[in-house]
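> Now for the letters of each chain:
4 protein chains.
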Amino acid sequence: MNYETILHEIYQESKTLPIIGNVSISIPELTKVDPDKFGIHLISIEGEDFGIGDSNEKFSIQSVSKVLTVALAFSFLDERIWERVGVEPSGSAFNSLVQLEYEKGIPRNPFINAGAIVIADMLVTHLENPKQDFLDFIRMISGSPTIDFNLKVAQSEKDTRFRNAALANFLKSFGNITNDVEMVLDFYFHQCSIEMTCKELAHSFFFLANEGKTISGIQVLTKSQVKRLNALMQTCGFYDESGEYTYKVGLPGKSGIGGGIAALYPKNFVVSTWSPRLNEKGNSDLGMNALELLTTKTGMSIF
Amino acid sequence: MNYETILHEIYQESKTLPIIGNVSISIPELTKVDPDKFGIHLISIEGEDFGIGDSNEKFSIQSVSKVLTVALAFSFLDERIWERVGVEPSGSAFNSLVQLEYEKGIPRNPFINAGAIVIADMLVTHLENPKQDFLDFIRMISGSPTIDFNLKVAQSEKDTRFRNAALANFLKSFGNITNDVEMVLDFYFHQCSIEMTCKELAHSFFFLANEGKTISGIQVLTKSQVKRLNALMQTCGFYDESGEYTYKVGLPGKSGIGGGIAALYPKNFVVSTWSPRLNEKGNSDLGMNALELLTTKTGMSIF
Amino acid sequence: MNYETILHEIYQESKTLPIIGNVSISIPELTKVDPDKFGIHLISIEGEDFGIGDSNEKFSIQSVSKVLTVALAFSFLDERIWERVGVEPSGSAFNSLVQLEYEKGIPRNPFINAGAIVIADMLVTHLENPKQDFLDFIRMISGSPTIDFNLKVAQSEKDTRFRNAALANFLKSFGNITNDVEMVLDFYFHQCSIEMTCKELAHSFFFLANEGKTISGIQVLTKSQVKRLNALMQTCGFYDESGEYTYKVGLPGKSGIGGGIAALYPKNFVVSTWSPRLNEKGNSDLGMNALELLTTKTGMSIF
Amino acid sequence: MNYETILHEIYQESKTLPIIGNVSISIPELTKVDPDKFGIHLISIEGEDFGIGDSNEKFSIQSVSKVLTVALAFSFLDERIWERVGVEPSGSAFNSLVQLEYEKGIPRNPFINAGAIVIADMLVTHLENPKQDFLDFIRMISGSPTIDFNLKVAQSEKDTRFRNAALANFLKSFGNITNDVEMVLDFYFHQCSIEMTCKELAHSFFFLANEGKTISGIQVLTKSQVKRLNALMQTCGFYDESGEYTYKVGLPGKSGIGGGIAALYPKNFVVSTWSPRLNEKGNSDLGMNALELLTTKTGMSIF
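Protein chains in written order, with the working numbering: chain F, 1 to 303; chain X, 1 to 303; chain V, 1 to 303; chain E, 1 to 303.
Misleading hints may appear alongside valid ones.
Chain copies aren't distinguished; within one or between two, either way the pair holds.
[As the list claims (entries may be wrong)] DSS-like mimics (lysine-lysine), calculated; alpha carbons at most 30 Å apart, straight line:
| id | residue 1 | residue 2 |
| --- | --- | --- |
| 1 | Lys-223 | Lys-152 |
| 2 | Lys-297 | Lys-104 |
| 3 | Lys-248 | Lys-267 |
| 4 | Lys-213 | Lys-267 |
| 5 | Lys-58 | Lys-131 |
| 6 | Lys-32 | Lys-267 |
| 7 | Lys-267 | Lys-297 |
| 8 | Lys-15 | Lys-104 |
| 9 | Lys-213 | Lys-158 |
| 10 | Lys-158 | Lys-248 |
| 11 | Lys-297 | Lys-37 |
| 12 | Lys-104 | Lys-32 |
In case anyone wonders, no lab produced these hints; they're calculated from the structure.
Every value quoted in this text rests on a predicted model; they were computed, and no experiment measured them.
Work out the full structure, taking the sequences as your base and the hints as a guide.
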């Protein structure tokens with residue numbers, strides 16, 4: 001199977017699809033992005049590594065970062081992280097407070113905002129210099145020392161923080177935030193503001209397709225932990241569209257409102273897409289279509 | 001009908017009831033209150049004015065203050081206040097976020113915390129010196145120039161503010177808070193920290209039994225506004241126990257977690273009670289019992 | 001105060017209001033009603049007794065009957081009826097199943113469908129010939145021996161019973177229906193199909209304004225029971241518009257989707273209205289407006 | 001990898017685990033089952049085919065049948081089945097009515113009761129002799145002509161049908177049941193009452209691991225349909241424990257309250273377990289543990 005040829009086909013075919021959705025308006029700074037950007041990158045376990053379209057342009061990874069904070073927390077807390085956050089799909093929007101109230105401050109999973117804020121709190125507690133240490137972790141797993149926060153985006157998220165501030169304070173009211181709310185949110189807004197290219201994103205996720213080992217051979221998580229994190233992405237990675245995504249694509253993946261998606265076929269490849277137009281559930285429309293084409297064309301899904 | 005005799009009877013009878021509930025633990029400063037305090041005061045339209053028990057001791061009026069902020073906002077915004085807050089009972093706990101999410105940031109009524117925070121936002125916008133002006137209003141309607149905030153209580157509420165901060169930020173995320181969240185919460189915590197005696201509380205509410213006129217004859221609200229505010233207290237004054245309260249007592253009233261209750265029989269009297277032990281719904285157990293005895297004994301309910 | 005003059009004024013004024021809403025489409029048989037019917041009837045404790053408009057035409061009282069089934073159950077079970085149904089406003093639509101699930105099969109109050117079905121179950125248990133006995137009760141309190149079920153309407157409700165059948169089965173699954181589901185629904189559909197004129201309806205409710213005594217002097221409920229039932233109507237009588245109704249009208253009342261409303265001023269009068277056009281909450285638009293005019297014009301509200 | 005050896009190990013190891021849970025009490029007839037039954041069967045694509053423990057005893061497959069009704073409906077309606085039922089995990093209990101109300105009668109997925117009842121309605125519409133035709137389908141895919149309904153169990157489900165009757169009537173009220181409610185429920189209760197051995201169950205699911213082909217080579221679904229059905233099992237197969245199951249086991253699977261589970265590794269094997277003791281979410285405790293051991297020991301998960 002030649003991935004490069006397939007990717008070209010998918011890229012061309014995707015560009016003929018009807019244009020659907022718009023750039024996220026929830027963070028003012030992100031509305032400045034050109035909605036028609038579109039890039040794909042794939043890296044296989046065997047060493048194929050190539051991109052197409054705007055795959056070398058930086059974009060805001062936003063919620064895709066949640067997989068990486070969970071990975072880092074998982075690496076030093078292991079199963080203890082599930083004492084404060086669940087592993088069930090939420091059936092609600094990514095920023096809903098409803099389930100949090102019914103379930104007394106234990107977020108359904110770490111990929112909705114409430115869960116990611118709890119994970120951020122764990123990192124703030126365990127890391128000496130949380131923001132820098134997390135950035136170093138990202139740089140390490142991706143092999144890209146230039147990956148950085150976009151401070152304008154972080155500030156823009158802070159300026160329009162009210163829903164996330166509501167979630168963080170609500171969590172704190174249940175005792176599920178141990179640090180200062182502001183400090184945790186500051187970390188969270190920075191984590192979401194990280195910018196990567198499709199290539200960097202695919203490289204960052206390489207360890208999840210490679211039984212825990214990065215491209216450079218560092219064992220970030222155990223085999224078992226990687227399986228579990230992949231399982232979690234499969235059931236919870238696309239907010240309340242996770243079922244639909246799994247039904248159509250059949251590869252563990254995570255989306256962000258910056259329009260990025262990272263997905264992977266364990267022991268085979270990682271693929272990342274970027275297209276800023278979001279569907280009504282907040283997931284990249286073109287990105288999801290491209291991934292569906294990929295699994296349909298190649299038959300390469302986990303199911 | 002001799003109110004004084006009846007009040008004595010009720011007071012004596014109430015003291016023989018089983019002791020139920022505890023002082024609220026939601027605000028640390030309030031836990032210092034002696035749980036066995038118990039006072040009643042009644043002022044009639046005809047001029048009877050007397051108290052019993054600990055009716056001349058100051059206590060934190062907490063949510064009872066919500067009636068007075070609504071009255072003040074009502075006096076200058078009239079029906080426009082209902083553009084941002086409803087008049088329906090909530091069917092949920094006083095600090096629930098669930099309905100707020102389903103109803104897109106419009107609180108069910110101004111007596112649950114979310115609604116009171118929206119009213120606070122209105123006052124912050126319309127008053128030149130919000131805290132002082134509100135205090136002056138209270139002093140004016142009660143005729144007690146010494147009524148004041150308890151700054152320790154206000155600070156204690158600020159220190160444990162997370163649930164209210166969640167509500168305020170959530171409201172702001174829906175655009176239903178126009179001022180700075182911190183400024184609105186600061187006003188709200190001060191409003192709740194006001195201390196009164198049973199006597200002062202009964203006097204403050206006099207205008208609601210007297211077709212809008214205070215004891216000193218100032219027309220605070222119109223007859224029609226007073227009717228509406230009383231109706232609102234009847235359906236929403238006791239959180240998600242409002243139905244039970246109405247069923248048993250049948251007088252418009254409002255409770256607070258400081259253990260105070262103010263209730264009134266339009267064109268007849270205002271009665272206030274204070275007993276800090278709360279039932280599981282957050283309402284003063286002894287206070288509710290005393291009011292039930294009052295309506296049962298006298299047959300004086302609005303129904 | 002001359003009620004007759006006022007009623008004439010209200011009737012004339014109401015007829016100039018914009019026409020809003022439509023006849024209920026939930027029961028096919030009811031869609032045949034002329035939407036522009038409009039009648040009012042008032043009976044005072046002092047003996048005034050007159051109607052206007054279509055006040056002598058029969059209409060389907062539908063949910064207004066719920067007050068009368070509660071009254072009958074209350075008369076022989078007293079406070080025990082609250083073991084199986086609550087007294088809190090629901091904050092949800094009249095036929096919602098959501099709260100029922102959260103609250104494990106105990107309906108919020110007897111005026112939403114679920115609660116009324118539980119009351120129907122009580123009557124089926126306690127009455128020898130449930131339908132006939134209930135009809136006899138209605139005839140007795142109203143003094144109208146010709147009041148009857150409309151069997152076509154009952155059948156039409158049965159044919160489109162799915163939501164109510166869902167509620168009844170759901171209640172049964174929680175153990176809160178003791179008889180056969182079909183038998184209880186049959187009673188319920190018949191109770192709702194009762195037809196009265198405005199005059200008969202006002203007469204039926206007379207005992208609720210008269211401390212428990214019917215026009216002919218029969219003590220149906222105790223004074224205390226009547227107060228409680230009135231209180232319940234005030235907080236729960238208009239589904240999730242009860243707060244709005246109480247805010248505007250300030251008289252205990254109950255509406256039905258046939259377009260009827262019965263309301264009362266304790267110790268003063270009962271007023272009934274009929275206009276089949278319903279607002280979006282399922283309450284008679286013109287009826288609510290007429291009652292609001294009545295309280296505004298006369299100042300006669302309980303608050 | 002020798003599956004037989006592994007299965008023996010798992011079987012022995014599982015038997016030393018603490019005994020947790022009890023037989024389902026929701027259907028009286030099922031309570032008669034010996035709680036300590038335990039069987040496993042595995043069939044691989046390569047032809048290995050063996051069982052252990054009570055793997056040749058019949059048990060009630062209950063909700064496991066939902067996969068087979070979906071497969072049959074999918075085979076003749078293809079993607080059109082998703083017009084009436086979703087593919088998202090529910091986040092609620094299997095028999096919840098709450099989401100159904102919020103989502104206007106479209107069940108979240110076909111593996112919760114509401115969704116399965118809608119699928120049953122489709123089959124009742126499309127099959128000439130629904131019960132017999134479905135039975136024939138099961139016999140065909142399993143290769144076991146003796147598989148049958150247990151009429152006592154079907155009757156027992158009918159006798160205690162209230163929750164399911166509530167769901168079916170509720171669906172009908174939204175127009176999402178086209179046939180008579182009783183007829184649909186009759187089909188549904190029969191489908192759930194089907195009895196199989198672990199061996200028969202594993203054989204029935206063989207086509208899902210074999211790209212749509214049964215053991216005898218009949219193409220039941222297309223490759224693509226099989227992938228989609230497997231994906232759906234992964235996200236929704238274990239009610240509101242689907243996330244936990246996926247996290248721990250990582251194989252598409254479906255459980256039933258009879259204590260059975262069928263799970264599969266696409267292109268590799270199908271494994272079935274039976275142990276009637278259920279955890280609090282209604283899934284077989286020992287079965288889930290056995291499957292977790294299987295994936296842990298062999299590393300054979302899809303992630």
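> Can you tell me if Lys-213 and Lys-158 fall within 30 Å by alpha carbon in one copy, between copies, both or neither?
For Lys-213 and Lys-158, the Cα distance exceeds 30 Å both inside one copy (34 Å) and across copies (47 Å).
> Using 30 Å as the alpha-carbon threshold, which applies to Lys-223 and Lys-152: within, between, both, or neither?
Neither: 37 Å inside a chain and 47 Å across chains, both beyond 30 Å.
> How would you classify Lys-297 and Lys-37 at a CA-CA limit of 30 Å: within, between, both, or neither?
within (23 Å within a copy, 45 Å between copies)
> Under a CA distance limit of 30 Å, which applies to Lys-267 and Lys-297: within one copy, between copies, both, or neither?
So Lys-267 and Lys-297 pass the 30 Å test inside a copy (19 Å) and across (18 Å) alike.
> At most 30 Å between C-alpha atoms: does Lys-297 with Lys-104 qualify within a copy, between copies, both, or neither?
neither (44 Å within a copy, 35 Å between copies)
> Using 30 Å as the alpha-carbon threshold, which applies to Lys-248 and Lys-267: within, between, both, or neither?
both (20 Å within a copy, 19 Å between copies)
> Given identical chains, is Lys-213 near Lys-267, meaning Cα to Cα at most 30 Å, within a copy, between copies, both, or neither?
Both ways: Lys-213 and Lys-267 sit 11 Å apart in one copy and 26 Å across, limit 30 Å.
> First find the shortest C-alpha distance between Lys-32 and Lys-267 inside one copy, then the shortest across copies, and answer within, between, both or neither for a cut-off of 30 Å.
Result: close neither inside a copy nor across copies, 37 Å intra and 46 Å inter.
> Could you figure out if Lys-158 and Lys-248 sit no more than 30 Å apart (CA to CA) within one copy, between two copies, both or neither?
neither (35 Å within a copy, 37 Å between copies)
> Within, between, both or neither: how does the pair Lys-15, Lys-104 come out at a Cα-Cα threshold of 30 Å?
neither (45 Å within a copy, 35 Å between copies)
> Should Lys-58 paired with Lys-131 be assigned to within, between, both, or neither, using CA atoms and 30 Å as the limit?
within (19 Å within a copy, 49 Å between copies)
> With identical chains treated as interchangeable, where does the CA-CA distance between Lys-104 and Lys-32 reach 30 Å or less: within a copy, between copies, both, or neither?
Between. Shortest inter-copy distance 27 Å satisfies the 30 Å Cα cut-off; intra-copy 38 Å does not.
This entry does not satisfy hints 1, 2, 6, 8, 9 and 10, going by the numbered hints stated previously.
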